[in-house]
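*Asks:* Please work from the sequences and hints to get the whole structure.
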Amino acid sequence: MTTERNTPESVASGDSDALVTRTYREVADQCAPEHLNRAILEEATNAARPRYSRLIAWTRPMAWAATAILSVALVLELSKVPTPELGTFERDSGKFEVASPKTGLADDATTELLEESGSPAMPPGRASNADAEAPIQIESMKSGAKQSPFESGLEKRQRSGLQKVRVEEQNLPAASCSEEMTAAPATWLECIEDLETAGRAEEANQQRRQLQISFPDFELP
Amino acid sequence: MVANVQIMTAVDLALSRRTELAYAPTMDKVPEDSALMLRYRDGDVAAFELLYQRHNDALYRYLFRRCQHRDAAEDIFQEVWGKIIKARENYRPTAKFTTFLYRVAHNCFIDHVRRNKRHTQIADVDPDNQPDPADLPEMQTERSLARHRLIEALRQLPDEQRDVFLLREEAGLSLDQIAAVTGANRETTKSRLRYATNKLRTAIDEPVGTP
Chain A
16 MTTERNTPES VASGDSDALV TRTYREVADQ CAPEHLNRAI LEEATNAARP RYSRLIAWTR
76 PMAWAATAIL SVALVLELSK VPTPELGTFE RDSGKFEVAS PKTGLADDAT TELLEESGSP
136 AMPPGRASNA DAEAPIQIES MKSGAKQSPF ESGLEKRQRS GLQKVRVEEQ NLPAASCSEE
196 MTAAPATWLE CIEDLETAGR AEEANQQRRQ LQISFPDFEL P
Chain B
4 MVANVQIMTA VDLALSRRTE LAYAPTMDKV PEDSALMLRY RDGDVAAFEL LYQRHNDALY
64 RYLFRRCQHR DAAEDIFQEV WGKIIKAREN YRPTAKFTTF LYRVAHNCFI DHVRRNKRHT
124 QIADVDPDNQ PDPADLPEMQ TERSLARHRL IEALRQLPDE QRDVFLLREE AGLSLDQIAA
184 VTGANRETTK SRLRYATNKL RTAIDEPVGT P
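Protein chains in written order, with this note's numbering: chain A, 16 to 236; chain B, 4 to 214.
Hints were generated in silico from the structure; no laboratory data involved.
All of these numbers come straight from a predicted model, not from anything done at the bench.
Heads up, the beta-carbon is just placed ideally off N, CA and C, and yes, glycines get one too.
Careful: at least some of the hints might be erroneous.
[Claimed, not checked] A few chain B residues that face chain A, going by a derived Cβ cut-off under 7 Å, partial list only:
#: 1; residue: Gly46
#: 2; residue: Leu153
#: 3; residue: Glu172
[Said to hold, decoys possible] Stretch by stretch, here's where chain B covers chain A in the computed footprint (C-beta under 8 Å, at least three residues):
#: 4; segment: 41–49
#: 5; segment: 225–232
*Replies:* Structure representation (structure tokens):
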């Protein structure tokens, strides 16, 4: 037994002792348990199996394609400039025609503002630009629609113009009859009738009350 | 004449080395192991079965000798192969598969020891290596006693030395490969293997009747 001792060179080079190796082999007879073998091979088989069967394998690329198409469609829809048929601008006459019926002072003021901006005094280049960008969305401006994050520069300018009109409406004078007209009851009454004719009934009533206070002897018709 | 003697010596050494390597069948089939692993990565389960059959028993013995406890060895054994299976998708044949496999096993064993601080206490008794009373007549023979003493000496080796010895004997790794698995440098690995071998040799050479 001792004759199988390795040389010092072999041990120094990292080789195991031959006798030790042979003896160890004689006792190294353990094998992996069969139940572990089955479990591990089954696990390996399951891991190598594709996650999705071939029958439903097409659903994943289809889902990706559908998502991409919907995303593109949504972006295009949001970035598209709306084109309502509410109003048109006639460059020749310098007049803006509103298709919707007039609803009051706001309509008048808006029309006036647009007439001013589109008047013949406007530079030709600017008028042509306005013509190219027309028709203009008026209805959303009137109703004070929510500001869209995708609105164009033209829409912003239109909306700021509408806000200016509203401010001017709120700052209208309560009494539009001048002092010359209110000096005499007859001229004052004519002014009141003009206000009624113009549809400014509330202002006319106010002027009528002031007329009675200023001239209590005057009998109103 | 001198040349013939040198040639014969070289042939004998080669044959002796070949006999040793036969115990560790992975040594000369490393490329095939990597190829099998790559085939398994591509979904070839049969390749993994072949790979598993090559290494399962040696790996189990390595873990069994290191843990010195059957249940722990089985747990780690399953954990190691589970990690190999999970690592198939990212497997790159940059190193020999055997080195890769035993590095995973080495790390799993270390993790197991850290999880179970009583590792050294459960290793007191190994029922597989206790002498059966029915075998007592055979135990009287010198070879049986030598085997018994080898197991006892292997059990009493320091963990690092036992690790190096088992990697050498079970996995058939070279010093450099063992160093790569254990994270130690080559000289340390060489020293550990020499100490382990000497202790085991001394235990085997003890005279009959010595406990």
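*Asks:* Given Leu153 of chain B as an interface hint, is its Cβ closer than 7 Å to any Cβ of chain A?
*Replies:* Constraint on Leu153 of chain B satisfied, holds at 5 Å.
*Asks:* For the segment 41–49 of chain A, count the residues whose Cβ lies under 8 Å from any Cβ of chain B; is that count three or more?
*Replies:* Since three or more residues must qualify, the claim that chain B covers the segment 41–49 of chain A holds, with 7 doing so at under 8 Å.
*Asks:* When I compare C-beta atoms, does the segment 225–232 of chain A have three or more residues closer than 8 Å to chain B?
*Replies:* With 0 residues closer than 8 Å to chain B, the segment 225–232 of chain A misses the three-residue bar; violated.
*Asks:* For the hint on Gly46 of chain B, just tell me whether its beta-carbon gets within less than 7 Å of chain A.
*Replies:* 5 Å, holds
*Asks:* Going by Cβ atoms only, is Glu172 of chain B closer than 7 Å to chain A?
*Replies:* Holds. Min distance 6 Å.
In this structure, only the earlier hint numbered 5 is contradicted, and the remaining ones agree with it.
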